[in-house]
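Read off the chains here:
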Amino acid sequence: MMLNLAPNIADPDDFYAELINSQRNLDEEQALRMNARLILLLANHIGDRKVLTEAIACARAAGG
Amino acid sequence: MTNYIYPKFSYLRSKEQADGIVKRHPIVVIGAGPIGLTAALDFAARGQPVVVLDDNDTVSIGSRAVCYAKRPLEIWDRLDCAAPMVDRGVSWKVGKVFFRDQLSYQFDLLPEANHQWPAMINLQQYHLEEILVAKCRANPLIDLRWKHRLISLKQPGDHATLAVETPDGIFTMEAQWVIACDGANSDTRKMVGAEFTGQLFQDRFLIADVAMKADFPTERWFWFDPPFHPGQSVLLHRQADNIWRIDFQLGWGADADAEKQPERVIPRILAMLGDAAQFALEWVSIYQFACRRIDNFRQGRVLFAGDAAHQVSPFGARGANTGVQDIDNLAWKLAMVLRGEAPEALLDSYHEERAYAADDNILNSTRATDFITPKTKVSRYFRDAVLELAQQHAFARPLVNSGRLSVPTPYATSALNTPDEDLATGEMRPGTNAADAPTVAGKPSWFLRCLGDGFTVVTFGNAIDKTEIAIGPLAARIVRVGRDIEDPSGLLAARYGASPGTTYLFRPDQYVAARWSGFDEAKIIEAMLRATAQDSAQHPAGQKELAA
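In order, the protein sequence lines correspond to chains U and Y.
The opening position of the first sequence corresponds to residue 1 in the numbering used here, with each subsequent residue numbered one higher.
The opening position of the second sequence corresponds to residue 1 in the numbering used here, with each subsequent residue numbered one higher.
To be clear, the hints were calculated from the coordinates, so they are not data collected in a lab.
Where hints are given, some of them may not hold.
Calculated cross-link-like contacts (lysine-lysine; reagent style DSSO-like; alpha-carbon spacing at most 30 angstroms) [to be verified]:
1) Y:K93 to U:K50
2) Y:K93 to Y:K135
3) Y:K377 to U:K50
Residues from chain Y that keep clear of chain U, each with C-beta distances beyond 12 angstroms, as calculated [as the list claims (entries may be wrong)]:
4) D77
5) A113
6) R137
7) D158
8) A254
9) K377
10) V378
11) R380
12) R383
13) D384
14) E388
Here are the computed distance ranges between Cβ atoms for each label pair [to be verified]:
15) Y:E263 to U:N21: 32 to 42 angstroms
16) U:A6 to Y:A290: 39 to 49 angstroms
17) Y:F216 to U:H45: 30 to 40 angstroms
18) Y:D484 to U:L41: 50 to 60 angstroms
19) U:R60 to Y:W252: 40 to 50 angstroms
20) Y:A258 to U:R60: 26 to 36 angstroms
21) Y:K213 to U:A62: 54 to 64 angstroms
22) Y:E263 to U:A62: 25 to 35 angstroms
23) U:I39 to Y:R449: 42 to 52 angstroms
24) Y:Q176 to U:I39: 36 to 46 angstroms
25) Y:F216 to U:I39: 45 to 55 angstroms
26) Y:A412 to U:L41: 30 to 40 angstroms
27) U:L41 to Y:A258: 39 to 49 angstroms
Since the model is a prediction, treat every value here as computed from it, not as a measurement.
Glycine included, C-beta positions come from ideal geometry on N, C-alpha and C.
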């Protein structure tokens with residue numbers, strides 16, 4: 001399996017709002033800690049090591 | 001209130017120093033720590049006389065290494081000293097990891113029953129060394145020389161020349177081979193000019209060995225960020241004689257001299273155990289560590305083992321445990337080379353296999369260190385996230401890393417292995433250390449005991465009559481399951497994925513050299529030659545035998 005870079009979320013605006021709203025009352029440290037937990041949960045759900053490696057490389061490259 | 005009385009081993013002037021004669025010894029071991037003493041016992045077990053030089057005259061000061069794993073115990077059993085270690089030490093297999101004041105994760109190192117030796121014992125290094133010294137002293141092939149300090153080493157051609165300082169002055173001795181077991185700060189390594197490179201870690205740690213009566217279970221307890229030592233990690237381990245090892249992470253800026261003082265140490269322990277705790281400090285030390293290894297384990301006639309060859313973080317108990325396995329790998333090879341049964345090239349496989357294992361240990365120990373001591377704010381958030389999630393969810397528990405405890409590294413890529421040729425089943429691939437199992441040889445015993453310390457062929461369900469296969473000076477004993485040993489529980493066959501015909505060749509260090517689905521003498525001979533770094537095509541005896 002390859003990292004899916006095509007649109008894959010059914011309701012993108014709703015998802016994005018949910019993500020942002022979930023951190024609305026958190027300070028920066030709390031939000032970063034939540035992000036860490038979220039990344040670990042999603043990574044485990046994906047499971048496929050090759051996909052995870054591609055995602056890490058892709059995220060790192062996008063940030064410069 | 002330490003109750004331990006350090007033995008004092010008497011210095012004796014050697015005959016060669018008294019006579020002023022330069023004597024050449026087959027093997028000289030530098031350093032009488034756990035690795036040097038194990039080396040002496042293993043060489044002697046293989047019939048080689050060995051001289052051990054140590055600049056001190058007692059055992060390890062302080063308990064230092066504490067945890068000894070199953071594989072070293074199996075090696076020490078081959079050398080007939082595991083039983084007193086297990087009797088003297090405390091056996092354990094359960095580890096608990098706490099985050100703040102909650103249990104995050106618990107592991108069992110030996111979930112499988114029916115093994116002779118425990119997953120791990122804890123024993124003060126001084127007790128362990130005393131057992132090894134007593135065993136060495138009882139062996140006429142071992143010459144332990146205390147207060148002998150190596151001051152220079154040269155390698156003129158086919159031997160090494162050693163200048164050794166004793167209370168009677170300096171004298172010269174020669175060695176065909178030198179085994180350097182003189183620790184992380186090895187002078188021998190400096191004398192041969194070997195590189196010793198890797199990563200230095202900034203965190204400082206405080207070790208306190210305390211004597212106390214406590215009712216904690218015999219388990220390894222590791223805390224991340226506990227309320228009694230916020231922001232840092234703490235490790236608690238039981239040793240023999242009601243001595244407990246407590247290891248506090250202190251961080252980067254800690255002042256080693258100040259932190260060692262009892263007035264700084266005692267409040268830390270009271271915070272952990274409660275103000276009413278009754279204890280006495282036995283030994284306190286501050287350490288910092290590096291993960292690094294020597295460029296080549298063989299430097300001409302000098303072979304490096306233990307911390308002299310590689311240094312790891314203490315998380316995972318990979319220091320002494322790895323060093324003992326270095327010796328297990330080296331002793332049979334050097335003994336065969338000295339007897340002329342194998343070419344010197346076999347010694348290069350010592351570097352190949354043990355550097356591979358050292359790199360694996362360094363990798364594991366570096367990963368544990370990075371988990372325990374995150375280097376950035378965000379990596380700390382990830383670490384804490386793993387620990388928080390592990391309290392609720394099984395998926396995060398395998399990510400918790402408080403030290404992956406020492407297990408043998410299979411020599412997966414070793415040139416001594418004969419690769420599987422048919423669809424072999426089971427995990428016991430060539431290059432793997434033999435799994436133990438209960439077997440019966442007249443009376444109930446263990447499989448590893450029946451393997452012994454030479455080449456051994458173990459075959460299942462083949463009606464062969466032979467008891468040995470020989471080629472030139474090499475010989476392998478044949479153990480037929482059903483004839484020489486019984487496997488009433490079926491565990492041996494299960495652990496080796498055996499079906500009728502399955503045949504294994506084990507090396508003298510009890511590693512799998514080759515395995516087949518049937519018994520074929522020519523293939524066994526070829527594998528035995530390969531496992532001793534000999535090319536069967538160039539081996540006259542091999543050629544004849546194979547042609548026949």
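Taking the hints in turn, this is what the structure says about them:
1. As the CA atoms of K93 (chain Y) and K50 (chain U) are separated by approximately 34 angstroms, the hinted pair breaks the 30 angstroms bound.
2. Annotation: proposed proximity of K93 (chain Y) to K135 (chain Y) holds, straight-line Cα distance about 27 angstroms (limit 30 angstroms).
3. Restraint check for K377 (chain Y) and K50 (chain U): satisfied, since their Cα atoms lie roughly 27 angstroms apart, inside the 30 angstroms limit.
4. Separation of D77 (chain Y) from chain U is adequate, the least Cβ-Cβ distance of about 39 angstroms exceeding the 12 angstroms criterion.
5. Look at A113 (chain Y): its CB is around 31 angstroms from the nearest CB on chain U, clear of 12 angstroms, so calling it non-interface holds up.
6. Every CB of chain U lies more than 12 angstroms from the CB of R137 (chain Y), the least distance being 53 angstroms, so the non-interface label holds.
7. Once the 12 angstroms rule is applied to beta carbons, D158 (chain Y) is consistent with being away from chain U; the minimum gap is 50 angstroms.
8. Residue-level check passed: A254 (chain Y) sits 25 angstroms from the nearest beta carbon of chain U, beyond 12 angstroms.
9. With a least beta-carbon separation of about 8 angstroms from chain U, K377 (chain Y) fails to lie farther than 12 angstroms from that chain, contradicting its non-interface assignment.
10. Non-interface call for V378 (chain Y) relative to chain U: violated, since the shortest CB-CB distance, roughly 6 angstroms, does not exceed 12 angstroms.
11. A cut-off of 12 angstroms between C-beta atoms contradicts the statement that R380 (chain Y) is not in contact with chain U; the least separation is 9 angstroms.
12. For R383 (chain Y), the condition that its CB be more than 12 angstroms from all CB atoms of chain U is violated, with the nearest at approximately 9 angstroms.
13. With 12 angstroms as the threshold on Cβ separation, the claim that D384 (chain Y) sits away from chain U is violated: the shortest Cβ distance comes to roughly 7 angstroms.
14. Distance to chain U contradicts E388 (chain Y) as a non-interface residue, since its nearest Cβ pair spans about 7 angstroms, not more than 12 angstroms.
15. The supplied range of 32 to 42 angstroms is broken by E263 (chain Y) and N21 (chain U), whose beta-carbon atoms lie about 52 angstroms from each other.
16. Judged by the Cβ atoms, the range 39 to 49 angstroms given for A6 (chain U) and A290 (chain Y) holds: they are separated by roughly 47 angstroms.
17. Judged by the Cβ atoms, the range 30 to 40 angstroms given for F216 (chain Y) and H45 (chain U) holds: they are separated by roughly 38 angstroms.
18. In this structure the hint that D484 (chain Y) and L41 (chain U) lie 50 to 60 angstroms apart at CB holds, the actual value being about 54 angstroms.
19. Checking the proposed 40 to 50 angstroms range against R60 (chain U) and W252 (chain Y) shows it is violated: the Cβ atoms sit about 27 angstroms from each other.
20. Our hint of 26 to 36 angstroms for A258 (chain Y) and R60 (chain U) is violated, since their Cβ atoms are close to 41 angstroms apart.
21. K213 (chain Y) and A62 (chain U) have their C-beta atoms about 59 angstroms apart, which keeps the hinted 54 to 64 angstroms range intact.
22. Checked against the hint of 25 to 35 angstroms, the C-beta distance between E263 (chain Y) and A62 (chain U) comes to roughly 53 angstroms, which is inconsistent with it.
23. For the pair I39 (chain U) and R449 (chain Y), the supplied restraint of 42 to 52 angstroms holds, since their beta-carbon distance comes to about 50 angstroms.
24. Between Q176 (chain Y) and I39 (chain U) the C-beta distance comes to about 58 angstroms, which lies outside the given range of 36 to 46 angstroms.
25. Separated by about 36 angstroms at the C-beta atoms, F216 (chain Y) and I39 (chain U) break the suggested range of 45 to 55 angstroms.
26. About 33 angstroms separates the C-beta atoms of A412 (chain Y) and L41 (chain U), a value consistent with the hinted range of 30 to 40 angstroms.
27. For L41 (chain U) and A258 (chain Y), the Cβ-Cβ distance of about 43 angstroms falls inside the hinted range of 39 to 49 angstroms, so the restraint holds.
Checked against the numbered hints listed earlier, the structure breaks hints 1, 9, 10, 11, 12, 13, 14, 15, 19, 20, 22, 24, 25; every other hint is satisfied.
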